[in-house]
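**Student:** Given next are the chains, with one letter for each unit.
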Amino acid sequence: MDAVDREVNSSALVASIRKERRGASSSSFVLDVSLEAASGITILFGASGAGKSTLLDCLGGLVHPDAGKIVVGENVLFDSAANIQLLPQKRCIAYVFQSLALFPHLTVEENIEYGLAAIPEQDRRARVAEILEAFRVDKLRNQKPGEISGGERQRTALARSLVTAPRVLLLDEPLTGLDAELKAAIVEDLRAWNAARRIPILYVTHSREEVDALGERVIVIDNGRVVSHGVPMDVLDAPRRKRLAQTAGFENLLIATVLDLREPDGVMRIRLGESTCEIEVPLAHARVGDRVEVAIRAGDILLATERPRGLSARNILEGRIVSLERRGAMMKAQVDCGVMFIVHITPGAVRALELSAAKQVWLVLKTHSCHLVE
Amino acid sequence: MDAVDREVNSSALVASIRKERRGASSSSFVLDVSLEAASGITILFGASGAGKSTLLDCLGGLVHPDAGKIVVGENVLFDSAANIQLLPQKRCIAYVFQSLALFPHLTVEENIEYGLAAIPEQDRRARVAEILEAFRVDKLRNQKPGEISGGERQRTALARSLVTAPRVLLLDEPLTGLDAELKAAIVEDLRAWNAARRIPILYVTHSREEVDALGERVIVIDNGRVVSHGVPMDVLDAPRRKRLAQTAGFENLLIATVLDLREPDGVMRIRLGESTCEIEVPLAHARVGDRVEVAIRAGDILLATERPRGLSARNILEGRIVSLERRGAMMKAQVDCGVMFIVHITPGAVRALELSAAKQVWLVLKTHSCHLVE
Amino acid sequence: MNSLWLSFELAGCVAAILLVIGMPVAYWLAYSSWRGKFLLESIVALPLVLPPTVLGFYALVAMGPRGPLGKLWATFFGHGLAFTFSGLVLASVVYSFPFAVQPLMVSFEAVDRKLLDASAVLGAGRWRTFRRIILPLSLPGVVTALVLSFAHTLGEFGVVLMVGGNLAGVTRTVSIDIYDRVQSLEYGEANHLALILLAIAFAVLCLVYAVNRRVWTPWTAK
Amino acid sequence: MNSLWLSFELAGCVAAILLVIGMPVAYWLAYSSWRGKFLLESIVALPLVLPPTVLGFYALVAMGPRGPLGKLWATFFGHGLAFTFSGLVLASVVYSFPFAVQPLMVSFEAVDRKLLDASAVLGAGRWRTFRRIILPLSLPGVVTALVLSFAHTLGEFGVVLMVGGNLAGVTRTVSIDIYDRVQSLEYGEANHLALILLAIAFAVLCLVYAVNRRVWTPWTAK
Amino acid sequence: RRDLEAQGQEIRVAAAADLHFAMADLSGQFEKQTGIKVNVTSGSSGNFFSQIQNGAPFDLFFSADIEYPRKLVAAGLAEPETLREYAQGRIVIWALTDAKIDVAKQGWRALLDASVQKIAMANPEYAPYGRAAVSAMQKAGIYERVKPKLVYGENISQAAQFVQSGNAQAGIIALSLAISPGMKEGKIWEIPAETYPPLEQGAVVLKSAKNKNAARAFLEFVGSAAGRKILEKHGFAIPAAKQP
Ligand SMILES: Nc1ncnc2c1ncn2[C@@H]1O[C@H](COP(=O)(O)OP(=O)(O)OP(=O)(O)O)[C@@H](O)[C@H]1O
Ligand SMILES: Nc1ncnc2c1ncn2[C@@H]1O[C@H](COP(=O)(O)OP(=O)(O)OP(=O)(O)O)[C@@H](O)[C@H]1O
Ligand SMILES: [Mg+2]
Ligand SMILES: [Mg+2]
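Chains as they are written, first to last, in this note's numbering: chain C, 1 to 374; chain E, 1 to 374; chain A, 1 to 222; chain P, 1 to 222; chain H, 1 to 244.
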C-alpha cells in the first residue's frame with residue numbers, strides 16, 4: 001500500500017495559475033488559483049462563469065497562463081519563470097471539453113480511435129470495441145457526429161478521451177444531457193476506471209449528485225479564486241461564503257442574532273430573524289448581538305408529527321406546514337416556525353406521517369447541520 | 001376562466017409526425033409520434049437517443065417529416081397530404097437548440113436582439129435590457145459567444161429565444177450546465193413567462209427535478225414512439241415499461257411471483273425473487289404463478305429502527321443495512337431483506353436514527369408505491 | 001499615369017460588379033440541393049480554360065455589330081461595346097468570374113447550417129440570414145474573391161487588348177502600357193511602370209488584408 | 001493534339017506542385033500569429049497584378065543564361081531553364097501561386113480551432129492534425145485551389161509564350177496553339193481546338209466536382 | 001549526296017507573324033527539295049528578339065523588321081554575314097465586302113467617310129506595319145483627321161480581327177494578311193509604296209544554331225528565285241538584291 005501511495009503521489013498534479021481574460025466588456029475576468037490534485041477524482045465546483053473551464057484549458061495547454069507553474073509528478077508542463085511551455089500533445093492529458101469538439105468528418109469509431117495512433121492495430125481495435133460497448137455507442141460506430149443525438153455525442157466525447165492512457169484526465173461537465181440510467185452507468189464506469197488507473201482526474205460539475213457519487217475531494221472556485229477545498233462533506237456542507245451556500249443547495253439561508261456564546265461546548269445560541277425561535281449552532285468568531293447568517297440544508301432537517309422525545313438533537317422547533325410540493329424524488333415542505341423553513345422529506349414519509357398543509361409538525365435540527373456563512 | 005381556457009386551447013399544438021433517420025448504420029431510427037400540447041409546459045422525457053430533438057426539429061421546420069401534420073391553433077404548419085410546408089421563419093416558433101447555435105460573430109446583446117427585427121428600436125432596447133438582466137448576462141453584453149463560459153452561452157441562447165414573442169416554444173435541455181442557484185432562478189423566470197403568455201412550451205429534459213418543478217404534463221418518448229403521457233406524477237410514477245422505469249429513477253426493479261389475487265381489495269400478493277418476502281401490490285392482469293416485475297422508487301420506502309406499529313402501510317419487511325452512502329442531498333442505504341433494496345433517506349434521518357451498516361431496520365412500503373412493469 | 005488610374009478604375013469596377021453578381025450565383029451553388037449542380041460549378045470555371053486573347057476574340061465577335069451582345073447594346077446605347085470602357089468591364093467580368101464565385105461559394109458552404117437554422121427559427125428570412133449571418137461569417141471568402149478578381153483584372157491584358165483596342169485614356173490600361181513598352185524595348189520605362197503598379201497594388205492589398213484581419217479575427221482567436 | 005496533351009500535362013504538374021508548396025504557405029498564413037502576416041498575404045497576390053507577358057518577360061530574363069535562375073539551373077542540369085518544359089512549369093507555378101494559396105488559406109482558417117485543440121489534446125502533433133483534421137475539413141478549399149490553378153494554367157498563355165517560346169511538342173501548349181490559329185485567322189481550326197479543350201476541361205472539372213460533392217457533403221447535410 | 005546528308009535534319013525557324021502563310025509554302029518546298037525539316041514558330045518579332053537574347057533554341061530568325069536582326073548581330077548573337085533583307089512588307093486598307101465604303105475606289109477618302117467610326121491598325125509604337133501606316137497617312141495628310149478613329153491591335157492580325165468582327169469599319173494591315181485565306185470576304189486598296197518608308201524584313205542565322213549549314217541553305221532558298229516567287233505570291237515586295 002505504501003508503495004502504491006508513494007507512486008500515486010508522485011503523479012499528482014500541482015498547479016498555480018494566473019490568467020487574465022479580457023473580453024469586450026470593461027471588466028476583465030482574472031483566474032488566479034493554486035491547487036493540488038492527487039490521483040483520484042477531484043471535483044471542481046463553482047457557479048457558471050467561475051473560471052472552471054478556463055482553469056482546465058490552462059492545464060490542458062490550450063490557453064497560455066500569464067504566469068504560474070504546472071507540474072504533473074516530476075514533469076513540468078508549464079513554468080512561466082523558466083519559460084517552459086509544453087505543447088498540449090506532449091502533456092499526456094486527456095480532456096473532455098464542455099463543447100465536446102467531436103471531429104465532424106470522422107465516424108464515432110474513428111473519433112474514438114483518434115487518440116490511439118501509437119498503439120498497434122490489434123490492440124487498438126480491441127480497446128475501441130470495448131469502450132464503444134461500455135458507452136453504448138457501438139450501434140452508432142459508423143455514424144458521424146452530425147447524425148447522432150446530443151447524449152450520444154456526449155458519450156462519444158467521453159469515450160474518445162477515456163480510451164487513451166493519459167496521466168491526467170480533465171472532464172468538463174461530462175454527464176450533462178444524459179438520462180439518469182446512463183448517468184448512473186457511466187458514473188460506475190468512471191469509478192472503475194479511476195480505481196484501475198489512479199491518475200489525477202479533475203471533474204467539473206454543477207451537480208451535487210455527481211459530487212457525492214464521485215468526489216474524493218472538492219475544490220470550490222468562485223470568481224476565479226479557490227475559495228475552499230477538502231472532502232465533499234466538509235467543503236460543501238460548511239459553506240464559507242453565501243454565494244457558495246446557494247450554489248451548493250443550502251435551501252435555508254437565515255439571518256440571525258447571536259444571543260450568547262457557550263465556548264466550553266463549542267456552540268452559541270442565536271435567534272432566527274425577528275422570530276422567537278432560538279437554536280444552537282457551532283461557535284464562530286462573533287460577539288453577542290452580532291448579526292450572522294446560517295445556512296441549513298433542507299435535507300438535513302427532520303420532521304415529526306409528535307414532539308420527539310429522547311433525541312440527541314438540540315434544536316426542536318414547533319411549526320405548521322404551509323405547503324407541500326413534489327420536487328424530484330422528494331417532497332418539499334414549507335414549514336412556518338416563526339421563520340419559514342424549507343424541508344425535504346421522502347414521499348413515503350409524507351404518506352406515513354399523513355402530512356398535509358396546516359398540520360402541526362416539529363422540526364429537528366442538529367447543531368452541526370447549521371452552518372454559519374461568512 | 002372559461003374564455004381564457006378556450007383561447008388557450010385554440011392555440012394548442014397538435015402534431016403527428018413520421019420521420020425516418022437513416023445513418024451509416026444498418027438500422028435506421030424511426031420517429032413516429034402523435035401528440036398534443038396545450039398551452040403551458042409539456043415535458044418531453046426520454047432516454048438519450050429516444051428522438052426528442054428530432055421531434056423538436058420537425059416541429060421547428062428544420063427537418064422535413066416524411067409524413068404527418070403539424071397544427072398550431074388554426075394554423076397548419078405542415079401537412080404532407082396537402083403538401084403544406086411552412087418555412088421555419090414563418091412558423092412563429094422559438095427554439096432553443098441543444099447545441100445552442102449562437103451566432104459567433106455577434107455579441108451577446110446582438111444575438112439576443114436578432115429575433116426582434118420587426119420591433120421598433122425603443123421597444124427592442126427595453127426588452128433586450130430586461131432579459132439581459134433576467135438571465136444575468138448584462139455584464140457580458142458586448143462579449144462574443146467565444147469569449148464567455150458554457151453556462152453563460154446557455155443563458156444567452158435561452159434569452160435569445162424567450163425575448164421573441166413566439167406562438168410555440170421549444171426548449172431542448174435548456175438548463176444543462178447551469179449551477180443550482182441559476183437553475184432555480186431561471187426556472188422561476190420560465191414559470192412566470194409561462195404564466196404570462198400561456199403558449200405551448202415543449203421542454204426536453206432528463207432531470208426529474210426539472211420535470212417536477214416545471215411540468216404540467218409529460219410526454220414520454222422511447223425509441224421514437226410516445227409510450228405514455230399525462231401529468232408527471234401519473235406518468236413517471238407508474239412506469240409502463242421497464243426501460244422507462246430505469247430512466248425515471250425507479251431504483252428497485254424486482255422479479256416476483258404472483259401468490260394470490262385479492263380482487264375485491266384491488267390488490268394481489270407477490271413473493272419477491274427467491275426470498276420469503278411477501279408484499280401486497282396493486283392488482284394487474286396476471287394469474288397465480290405468473291412472474292411479474294415490480295418497480296419501487298428508493299425514495300418511496302420508509303425506514304424505521306423499531307418495528308413500526310399502527311401504520312396504514314401493509315408491507316413491512318425486516319432487514320439489515322448493508323451499506324450507507326451519500327447521494328446528493330440524500331443517503332442511499334442498501335438493505336438486505338432477503339432481496340436487496342435501495343432506500344433513499346435524508347442524512348438527518350440517518351443521524352437521528354443512528355443508522356449504520358449491519359443495523360437491523362424495517363422497511364415500510366405502501367402498496368401503491370409498488371408499480372408493476374409491463 | 002493615366003493608364004494606371006484607368007487600370008484601378010477598371011479593376012475596382014470589375015471587382016465590385018463581380019461581388020454583386022457573384023454572390024447570388026455562389027449562394028445558389030452553395031445551398032441548392034440540385035444534384036446536377038456540379039455541372040454549373042464546372043461551367044463557372046470554364047472561362048479560365050481559354051487563353052485570354054482567344055476569349056477576348058470571342059468577346060469581340062459577340063460585341064461586334066453582328067454579335068448578339070453588340071446588337072443588344074447598340075439598340076440601347078446607339079453605339080458598339082468594343083473599344084469602350086464598358087466593353088472592357090464586361091469582358092473582364094466574364095473572364096474573372098470564376099475567381100469571384102469560387103471563393104464565395106466555398107465560404108458560404110463552410111457556414112454552419114445550425115446557424116442558418118437558428119436564424120430561420122428566430123424569424124429571419126433568406127435575405128436577412130444572408131446579410132446578417134452568412135455574409136459576415138464568409139468575410140474571408142469575400143475578401144479573397146475581391147482580391148483575386150481585383151488583382152486579376154489589374155494584370156489582365158489579353159482580353160483587354162482584344163476588346164479595348166488600346167485607346168489611350170479609354171482602354172489603355174497599365175498592363176497594356178507596360179506590355180507596349182516591353183514590346184518597344186523600352187525596358188527602363190516598363191520596369192518603372194511595373195514597379196509603380198506593384199507598389200500601389202501592394203499598398204491596396206495590404207490595406208484590405210490588414211482591415212480584414214482586424215475585423216474578423218476576434219471570434220476565431222482563442 | 002500534341003499540344004492538348006502537353007497542356008494537360010503542364011496543368012496537372014502545376015496544380016500538383018502548387019498544392020504541395022501552396023499548403024505549407026497557406027498553413028503558415030492561416031495559423032501564424034505574426035502581426036505582419038498581411039504583408040505576406042499581399043505579396044502572395046502580387047504575381048496576379050502584372051500582365052502575364054510582362055511577368056513572362058521577367059521570368060525569361062531570370063531564366064535566361066545570364067539570369068540568376070538560369071545560371072543556377074545550368075550548374076545543376078547543364079542546360080538552361082527557358083524554353084524547356086521545366087521552365088514552363090516553374091513560371092506557371094509562380095503565376096498561378098495566388099490561386100492555390102488563397103483558397104487554401106481561407107479554408108484552413110475556417111476550421112474550428114476547438115477541433116485543433118481536441119486533436120492536440122488527443123496527442124496528435126501538427127502533422128497528424130493537419131493530415132487528419134485540417135486537410136479533410138478543408139477539402140472544398142483544396143478542390144477550389146486545384147481547379148483554379150489547373151484551369152488557369154490550361155488557359156495561361158502570356159507567360160507560357162514568353163518563357164516557352166512556342167516550340168512544337170515541347171512548349172507549345174494548346175492555349176498557344178489556339179492563339180496561333182486565331183492570329184493566322186484560321187478560325188475554324190481555332191474553334192475546333194477550343195471546343196475540344198473546353199470539352200475535356202469540362203469533363204475533368206465535372207469529375208472533380210462530382211467526386212468532391214459526394215465525398216464531403218454527408219457531414220454538412222442535415 | 002547533299003540530299004542524303006540532309007536526311008533527318010531539322011531546323012527551327014522563328015518567323016514574324018506576317019510570314020505565316022508564306023512560310024508554310026517556303027518550308028514545304030524546301031523540305032521537298034532538301035529533305036531538311038523546317039520547324040516554324042511564328043509570333044511577334046519583338047518577342048523573338050527578347051527570347052533569342054535569352055537563349056531561345058532557334059536556328060534562323062525571320063523578322064518583320066530588320067532592326068531586330070541588326071541588334072542581334074551587334075550583340076554577337078547572330079552570324080553577321082548571314083544578315084539579309086529578304087522581303088518588304090506592303091500595307092493595304094482593308095474593309096469588309098459589305099461595308100458602306102468601297103476602299104478599292106475611294107482609297108484614302110474611304111477612311112474619312114462618316115460610316116467609318118473606327119480604323120484598326122497595329123500599334124505604331126512597336127509594330128513596323130503600324131509605323132508604316134502612320135507615315136503613309138501623314139503623307140496623305142489625313143492622319144490628324146483620322147487619329148481619333150484609330151484603334152490599335154497588338155499586331156496586324158488583331159487589327160484585322162477588329163475589322164472582321166465589324167467593330168472597326170476599316171483597317172490598315174499587311175497585304176500578306178489581306179490576301180490570306182481567312183480574309184476572303186474583304187476589299188483591298190493597296191497603299192502606294194512610296195508613301196511610307198520601306199518595311200524592310202531582315203533574316204539572320206543565329207550564333208547558337210545547331211545546324212548552321214541547313215539554316216544557311218534555307219536562307220538561301222528563300223532568297224532564290226523560287227523563294228522570291230512564293231514571297232511575292234503572298235504579298236511581299238522583293239527588295240533589289242543588295243547587301244545591307
Ligand atoms: N442526422 C441524423 N442522421 C441519422 N440518424 C440520426 C440523425 N440525427 C439523429 N439520429 C438518430 O436518431 C435518434 C434520435 O436522435 P435525437 O437527437 O432525436 O435523440 P434525443 O432524444 O434528442 O437524444 P438526447 O437526449 O441524447 O439528445 C438517435 O438514435 C440518433 O442516432
Ligand atoms: N475567450 C474569453 N475572452 C474573455 N473572457 C472569457 C473568455 N472565455 C471565458 N471568459 C470569461 O471568463 C469567465 C470564466 O469562464 P469559464 O468558461 O472558465 O467559466 P466556467 O466556470 O467554466 O463556467 P460554466 O460553468 O458556465 O462553464 C467568464 O466570466 C467568461 O465570461
Ligand atoms: Mg465551463
Ligand atoms: Mg437531443
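Treat each hint with caution, since some may be false.
Below 27 Å or equal to it, Euclidean Cα-Cα: the simulated DSSO-like pairs (lysine-lysine) are [stated by the list, open to error]:
(1) H:Lys147 / H:Lys37
(2) A:Lys71 / H:Lys37
(3) H:Lys100 / H:Lys71
(4) A:Lys71 / H:Lys147
(5) A:Lys114 / E:Lys69
(6) H:Lys184 / H:Lys105
(7) C:Lys139 / A:Lys114
(8) H:Lys149 / H:Lys210
(9) P:Lys37 / E:Lys144
(10) H:Lys32 / H:Lys187
(11) H:Lys71 / P:Lys71
What follows is a list of derived Cβ distance ranges for each label pair [what the hints assert, rightly or not]:
(12) C:Ala196 / P:Arg113: 50 to 60 Å
(13) P:Arg113 / A:Leu207: 50 to 60 Å
(14) A:Phe85 / E:Lys90: 14 to 24 Å
(15) P:His79 / A:Ser33: 36 to 46 Å
(16) C:Glu133 / E:Glu318: 34 to 44 Å
(17) C:Val231 / E:Thr305: 23 to 33 Å
(18) A:Arg113 / C:Asp336: 50 to 60 Å
(19) E:Asp79 / A:Arg113: 19 to 29 Å
(20) E:Arg191 / P:Val211: 37 to 47 Å
(21) H:Glu31 / P:Gly188: 18 to 28 Å
Far from chain E by the CB rule (all over 12 Å, computed), these chain C residues [unchecked claim]:
(22) Glu36
(23) Gln89
(24) Ala192
(25) Val204
(26) Ser207
(27) Arg208
(28) Ser228
(29) Leu272
(30) Glu278
(31) Glu318
In short, the hints are calculated from the structure, not lab data. Fair warning: this is a prediction, and the values are worked out from it, not measured in the lab. Glycine included, every Cβ here is placed at the ideal spot set by N, Cα and C.
**Student:** So, for every hint listed, does it hold in this structure?
**Tutor:** Hint by hint, here is what the structure shows:
no., hint, result
1, H:Lys147 / H:Lys37, "violated, 45 Å"
2, A:Lys71 / H:Lys37, "violated, 48 Å"
3, H:Lys100 / H:Lys71, "violated, 44 Å"
4, A:Lys71 / H:Lys147, "holds, 26 Å"
5, A:Lys114 / E:Lys69, "holds, 24 Å"
6, H:Lys184 / H:Lys105, "holds, 18 Å"
7, C:Lys139 / A:Lys114, "holds, 25 Å"
8, H:Lys149 / H:Lys210, "violated, 47 Å"
9, P:Lys37 / E:Lys144, "holds, 25 Å"
10, H:Lys32 / H:Lys187, "violated, 34 Å"
11, H:Lys71 / P:Lys71, "holds, 24 Å"
12, C:Ala196 / P:Arg113: 50 to 60 Å, "violated, 33 Å"
13, P:Arg113 / A:Leu207: 50 to 60 Å, "violated, 26 Å"
14, A:Phe85 / E:Lys90: 14 to 24 Å, "violated, 45 Å"
15, P:His79 / A:Ser33: 36 to 46 Å, "violated, 54 Å"
16, C:Glu133 / E:Glu318: 34 to 44 Å, "holds, 40 Å"
17, C:Val231 / E:Thr305: 23 to 33 Å, "holds, 27 Å"
18, A:Arg113 / C:Asp336: 50 to 60 Å, "holds, 54 Å"
19, E:Asp79 / A:Arg113: 19 to 29 Å, "holds, 25 Å"
20, E:Arg191 / P:Val211: 37 to 47 Å, "violated, 54 Å"
21, H:Glu31 / P:Gly188: 18 to 28 Å, "holds, 25 Å"
22, Glu36, "holds, 24 Å"
23, Gln89, "holds, 22 Å"
24, Ala192, "holds, 16 Å"
25, Val204, "violated, 9 Å"
26, Ser207, "violated, 8 Å"
27, Arg208, "violated, 5 Å"
28, Ser228, "holds, 16 Å"
29, Leu272, "holds, 18 Å"
30, Glu278, "holds, 19 Å"
31, Glu318, "holds, 17 Å"
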